[in-house]
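Please construct the entire structure, taking both the sequences and the accompanying hints into account.
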Amino acid sequence: MAVAETEITRKVVERASSGARTKDLLFRASLLLCLFVAVLFLGVLIVDVAIDGVPLITPDFLTNFPSRLFPEDSGIRPALIGTLYLMLLCAAFIVPIGVAAAVYLEEYADPNRWYNRLIEVNIQNLASVPSVVYGILGLAFIVRGPIDIWGLGEGSPTLLAGALTLGLLVLPVVIIVSREAIRAVPPSIREGSLALGATKWQTIWKMVLPGSVAGIATGVILALSRAIGETAPLILVGAIAFRLTDPTIDGQFSALPIAIFQAAGEPRPEFQILAAGAIVVLLAVLLLMNSVAIFLRNRYEQKW
Amino acid sequence: MDDGQEHSARAGSGSAVPSLTRVRTRRSAGEQAIKGLLACAAVLSVLTTTGIVITLITESSKFFGEVPFGDFFFGRDWEPLAGGNSQSFGVAPLIWSTLYLTLIALIVAIPLGLGVGVYLAEYATPRVRKIFKPIVELLAGIPTIVFGYFALTFFTPLLKDQLGIDLQVFNGLSGGIILGILVLPTIASVSEDAMSAVPQSLREGAFGLGAAKWQVVVRVVFPAALSGIVAALVLGASRAIGETVVILVASGNNPNLTFDLTVAHQNMAAFIANVARSDVSAGSVAYATIFAVGTTLFVMTFLLNLVAIRFVRKYRQVYE
Numbered sequence: 001m002a003v004a005e006t007e008i009t010r011k012v013v014e015r016a017s018s019g020a021r022t023k024d025l026l027f028r029a030s031l032l033l034c035l036f037v038a039v040l041f042l043g044v045l046i047v048d049v050a051i052d053g054v055p056l057i058t059p060d061f062l063t064n065f066p067s068r069l070f071p072e073d074s075g076i077r078p079a080l081i082g083t084l085y086l087m088l089l090c091a092a093f094i095v096p097i098g099v100a101a102a103v104y105l106e107e108y109a110d111p112n113r114w115y116n117r118l119i120e121v122n123i124q125n126l127a128s129v130p131s132v133v134y135g136i137l138g139l140a141f142i143v144r145g146p147i148d149i150w151g152l153g154e155g156s157p158t159l160l161a162g163a164l165t166l167g168l169l170v171l172p173v174v175i176i177v178s179r180e181a182i183r184a185v186p187p188s189i190r191e192g193s194l195a196l197g198a199t200k201w202q203t204i205w206k207m208v209l210p211g212s213v214a215g216i217a218t219g220v221i222l223a224l225s226r227a228i229g230e231t232a233p234l235i236l237v238g239a240i241a242f243r244l245t246d247p248t249i250d251g252q253f254s255a256l257p258i259a260i261f262q263a264a265g266e267p268r269p270e271f272q273i274l275a276a277g278a279i280v281v282l283l284a285v286l287l288l289m290n291s292v293a294i295f296l297r298n299r300y301e302q303k304w
Numbered sequence: 001m002d003d004g005q006e007h008s009a010r011a012g013s014g015s016a017v018p019s020l021t022r023v024r025t026r027r028s029a030g031e032q033a034i035k036g037l038l039a040c041a042a043v044l045s046v047l048t049t050t051g052i053v054i055t056l057i058t059e060s061s062k063f064f065g066e067v068p069f070g071d072f073f074f075g076r077d078w079e080p081l082a083g084g085n086s087q088s089f090g091v092a093p094l095i096w097s098t099l100y101l102t103l104i105a106l107i108v109a110i111p112l113g114l115g116v117g118v119y120l121a122e123y124a125t126p127r128v129r130k131i132f133k134p135i136v137e138l139l140a141g142i143p144t145i146v147f148g149y150f151a152l153t154f155f156t157p158l159l160k161d162q163l164g165i166d167l168q169v170f171n172g173l174s175g176g177i178i179l180g181i182l183v184l185p186t187i188a189s190v191s192e193d194a195m196s197a198v199p200q201s202l203r204e205g206a207f208g209l210g211a212a213k214w215q216v217v218v219r220v221v222f223p224a225a226l227s228g229i230v231a232a233l234v235l236g237a238s239r240a241i242g243e244t245v246v247i248l249v250a251s252g253n254n255p256n257l258t259f260d261l262t263v264a265h266q267n268m269a270a271f272i273a274n275v276a277r278s279d280v281s282a283g284s285v286a287y288a289t290i291f292a293v294g295t296t297l298f299v300m301t302f303l304l305n306l307v308a309i310r311f312v313r314k315y316r317q318v319y320e
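Quick mapping for you: the protein sequence lines, in order, are chains A and B. Residues in the first sequence are numbered from 1 upward in steps of one, following the numbering used here. Residues in the second sequence are numbered from 1 upward in steps of one, following the numbering used here.
Keep in mind the hints are simulated off the structure, nothing from the lab. Fair warning: there could be bad hints in the mix.
Facing chain B, a subset of chain A residues (Cβ under 7 Å, in silico) [to be verified]:
hint : residue
1    : Gly19
2    : Lys23
3    : Asp24
4    : Cys34
5    : Leu35
6    : Val37
7    : Leu105
8    : Ile123
9    : Leu137
10   : Leu196
11   : Lys200
12   : Gly229
13   : Thr231
14   : Ile260
15   : Ala275
In the SDA-like style, the derived pairs of lysine to any residue whose C-alpha atoms are separated by at most 20 Å in a straight line are [stated by the list, open to error]:
hint : chain 1 : residue 1 : chain 2 : residue 2
16   : A       : Lys303    : A       : Ala293
17   : B       : Lys133    : A       : Cys34
18   : B       : Lys314    : A       : Val121
19   : A       : Lys23     : B       : Tyr123
20   : B       : Lys35     : A       : Arg113
21   : B       : Lys314    : B       : Leu304
22   : B       : Lys133    : A       : Leu32
23   : B       : Lys314    : A       : Arg117
24   : B       : Lys314    : B       : Asp193
25   : B       : Lys314    : A       : Met289
26   : A       : Lys23     : B       : Val220
27   : B       : Lys130    : A       : Gly43
28   : B       : Lys133    : A       : Leu222
29   : B       : Lys314    : A       : Gln124
30   : A       : Lys23     : B       : Ala124
31   : A       : Lys23     : B       : Glu122
32   : B       : Lys133    : A       : Met289
33   : B       : Lys160    : A       : Pro269
34   : B       : Lys213    : A       : Gly19
35   : A       : Lys23     : B       : Pro126
36   : B       : Lys213    : A       : Leu32
Yeah, the Cβ is synthetic: ideal placement off N, Cα and C, and Gly gets one too.
This is the structure in C-alpha cells:
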C-alpha cells in the first residue's frame with residue numbers, strides 16, 4: 001500500500017512539474033548556447049589567425065627587419081627583440097617593488113589605519129584604469145617629464161620608458177596576486193619561526209616568501225603576459241614599427257603589438273597579412289609563459 | 001602580536017630596576033628600516049595615481065587655457081586636428097561614439113557573459129567547469145590588438161559579404177560587437193564568483209519548497225548575488241569605455257554623432273592613441289586634446305570603478 005501511495009504521489013508531482021521541466025530544459029539550453037558562442041568566437045579567432053599566420057613563420061620572418069617594399073622579405077626581428085627586452089626590464093622593475101608592496105600590506109600594515117586603507121583602495125582602482133591613461137602618464141611623466149630617467153631619452157621615446165610604463169600598468173596585478181600567495185601561508189608557520197627567536201623580517205625572508213614563491217611567480221608571469229600584449233601605452237610612449245636596427249634600452253624601440261598594429265592598418269593585403277604572422281608569434285610567446293606558470297604552480301606549490 | 005620579537009627591552013644596562021621601555025638595538029633598527037623600505041614600495045602605487053592626476057590636471061589646464069570649457073563640453077563639432085580656422089573642439093561626438101560603442105558591446109556581452117557565468121556557477125559539473133573555465137580565461141588573456149585584427153580582417157568582411165550588411169571598411173558595428181566579446185570574460189568570471197558565493201543553504205531551501213532548478217537560479221541565486229552581478233556589469237562597462245586598439249583598428253578615425261553603425265566611430269581612448277601617433281607637435285592645442293580627453297575618460301572610468309568596488313564589497317560582506 002505504501003508503495004502504491006508513493007507511486008501516485010510521484011505521478012502527481014511529475015504532471016505538475018512537466019511545464020517546469022520544459023522551462024528548465026530551455027533555460028539550460030540557452031545557457032549552453034551562451035557558452036557555445038563564447039567558445040566559438042575564441043575558436044574561430046584562433047583558427048583564422050593560424051590559417052593566415054602559421055605559413056608565414058619562417059626563420060627569415062623572425063630574424064629579418066621589416067620592409068615596406070617586399071612583404072616576403074619583411075620580418076619582425078626588432079619587434080620580437082623589443083618585446084623580450086620589455087619583458088625583462090619590466091620584470092626587473094615589478095618583481096622587487098610588487099613583492100615588497102605585497103609583503104608590507106600583508107605582514108606589516110595595520111588595516112585600520114587610514115593610510116593603509118588608502119593604499120588598498122588605490123591599488124584596486126589602479127587595476128582598472130584604462131591602459132591608454134597609463135600611456136598618457138608614460139608620455140608626459142616618463143618620456144617628456146620629470147622622471148625622464150637620467151635624461152636618457154631627452155624627451156624622445158626609449159625602451160626603458162616603455163618598460164616602466166608597462167610596469168606601472170601591471171604592478172597592481174603583481175601586488176594583488178602576491179598578497180594572495182602570502183596570505184595562503186598559514187600563521188602557524190610564522191608563529192613557529194618567531195617562537196624560535198627569529199625576527200619578523202627573518203621570518204618573512206626565510207619562511208613566508210619561500211612558502212609563497214610559486215604563487216608569486218605565477219602572478220608575475222600573468223602580469224608580464226598582460227604587459228607584453230598591451231598596445232595602447234606603447235603607442236602613446238612612442239614605439240615605432242619600422243626600425244632597421246636592433247633596439248637598445250636607451251633608444252627608440254619596437255614591440256610585437258606595435259608591429260601587429262602597424263601591419264593591420266596596411267591597405268595592401270600582402271602586408272596586412274603579416275600581422276597574422278606577428279600575432280602567431282605573440283600568442284606563442286604568451287602560451288609559453290602561461291605553460292611555465294602552470295608548471296611552476298604544479299611543481300612548487302606548497303600544500304600546508 | 002605584531003612585534004613579537006621586540007617584546008621587551010633587554011633589561012636596562014646595569015640598572016637594578018628593569019626598564020620597561022623599548023631599547024633600540026641594531027637588530028630592531030634594521031627591522032624598522034626594512035619596514036620603511038617595504039612601505040615605500042606600497043606608497044609607489046599611490047604616487048602612480050598622483051602622477052596620473054597631476055599630469056591630467058596640469059596638461060588639461062593648458063588646453064582649457066586655449067579652448068573655453070563650454071566649447072569643449074557643449075560643442076557638437078569635433079575637428080581638433082583640422083588646420084587653422086576649421087579646428088573645433090566640441091567633444092560631444094567623441095563621448096557619444098564612446099558610449100554608443102560601449103552600449104553595443106554590453107548588448108552583446110551582458111547576455112552572453114551572464115549566461116556563461118550562470119552556467120559555470122550553477123549547472124556545470126566539476127569536470128565541465130575544469131575544462132571551460134580555463135577557456136574563458138584564455139579568451140581574457142588574448143591581447144586586444146588580436147581582437148582588433150580579427151574584427152577588421154575577419155568579422156567586418158563576414159558581416160558584409162555573408163550577411164549582406166552594407167558596412168564601410170571601418171565601422172562601429174564590427175568594432176562594437178568584438179568589443180563585447182572582449183569584455184565577456186570579465187562579466188562571466190566576476191558574476192560567476194558572485195553566484196558561487198551564495199550559500200548552498202539558500203538553494204536547498206528553495207529546492208525543499210519544490211522549486212525547479214531554473215526557478216532556484218533565477219529567483220533565489222540571481223537576486224542573492226545581485227550586487228556582485230551589478231559589479232560585474234559595471235566593470236565590464238568600464239573596460240569597454242577604456243578600450244583602445246580594437247576600436248582604433250576596426251572602427252576608424254572619426255567619431256560620429258549618429259545612430260548609424262555602418263559608418264566609422266571613434267572612442268576617446270582610440271582618439272588619444274591616434275593623436276599620439278600622428279605627427280602633431282608637442283605644445284600645440286591639438287596635442288593638448290590628448291590630456292583633456294584623457295581627463296574625461298579617467299573621470300568616467302574612475303566613477304564606474306568606485307561604484308563597482310562598492311558593490312563587490314557589499315556581496316563579500318553579506319556572505320563571507
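Straight-line alpha-carbon gap B:Lys213 to A:Leu32, limit 20 Å: Holds, because 15 Å separates the two Cα atoms, which is no more than 20 Å.
Evaluation of the interface hint that places A:Lys23 against chain B, nearest CB under 7 Å: holds, 6 Å
Holds or violated: B:Lys133 to A:Leu32, with C-alpha atoms at most 20 Å apart: With Cα atoms ~14 Å apart, B:Lys133 and A:Leu32 stay inside 20 Å; holds.
Given pair status - B:Leu304, B:Lys314, alpha carbons within 20 Å: Between B:Lys314 and B:Leu304 the Cα gap is close to 16 Å, so the pair holds against 20 Å.
Chain B contact restraint on A:Gly229 - CB to CB distance below 7 Å: holds, 3 Å
Hinted pair B:Lys213 and A:Gly19, Cα distance within 20 Å: Holds - the C-alpha atoms of A:Gly19 and B:Lys213 are around 13 Å apart, at most 20 Å.
Satisfaction of hint between B:Asp193 and B:Lys314, Cα-Cα up to 20 Å: Given pair B:Lys314, B:Asp193 holds - Cα atoms ~13 Å apart, limit 20 Å.
Proposed interface contact between A:Cys34 and chain B, which counts if any beta carbon pair is under 7 Å: holds, 3 Å
Hinted contact A:Asp24 with chain B - closest CB pair below 7 Å: Result: holds, 5 Å to nearest chain B Cβ.
Interface hint status, A:Leu137 versus chain B (Cβ within 7 Å): Given a least distance of 5 Å, the restraint on A:Leu137 holds.
Restraint satisfaction for A:Leu35 [CB to CB of chain B, less than 7 Å]: Because about 5 Å separates A:Leu35 from the closest Cβ in chain B, which is inside the 7 Å limit, the hint holds.
Hint consistency between B:Lys130 and A:Gly43 [alpha-carbon to alpha-carbon, up to 20 Å]: holds, 18 Å
Consistency with the previously given hints fails for numbers 1, 10, 25 and 35, ordered from lowest to highest.
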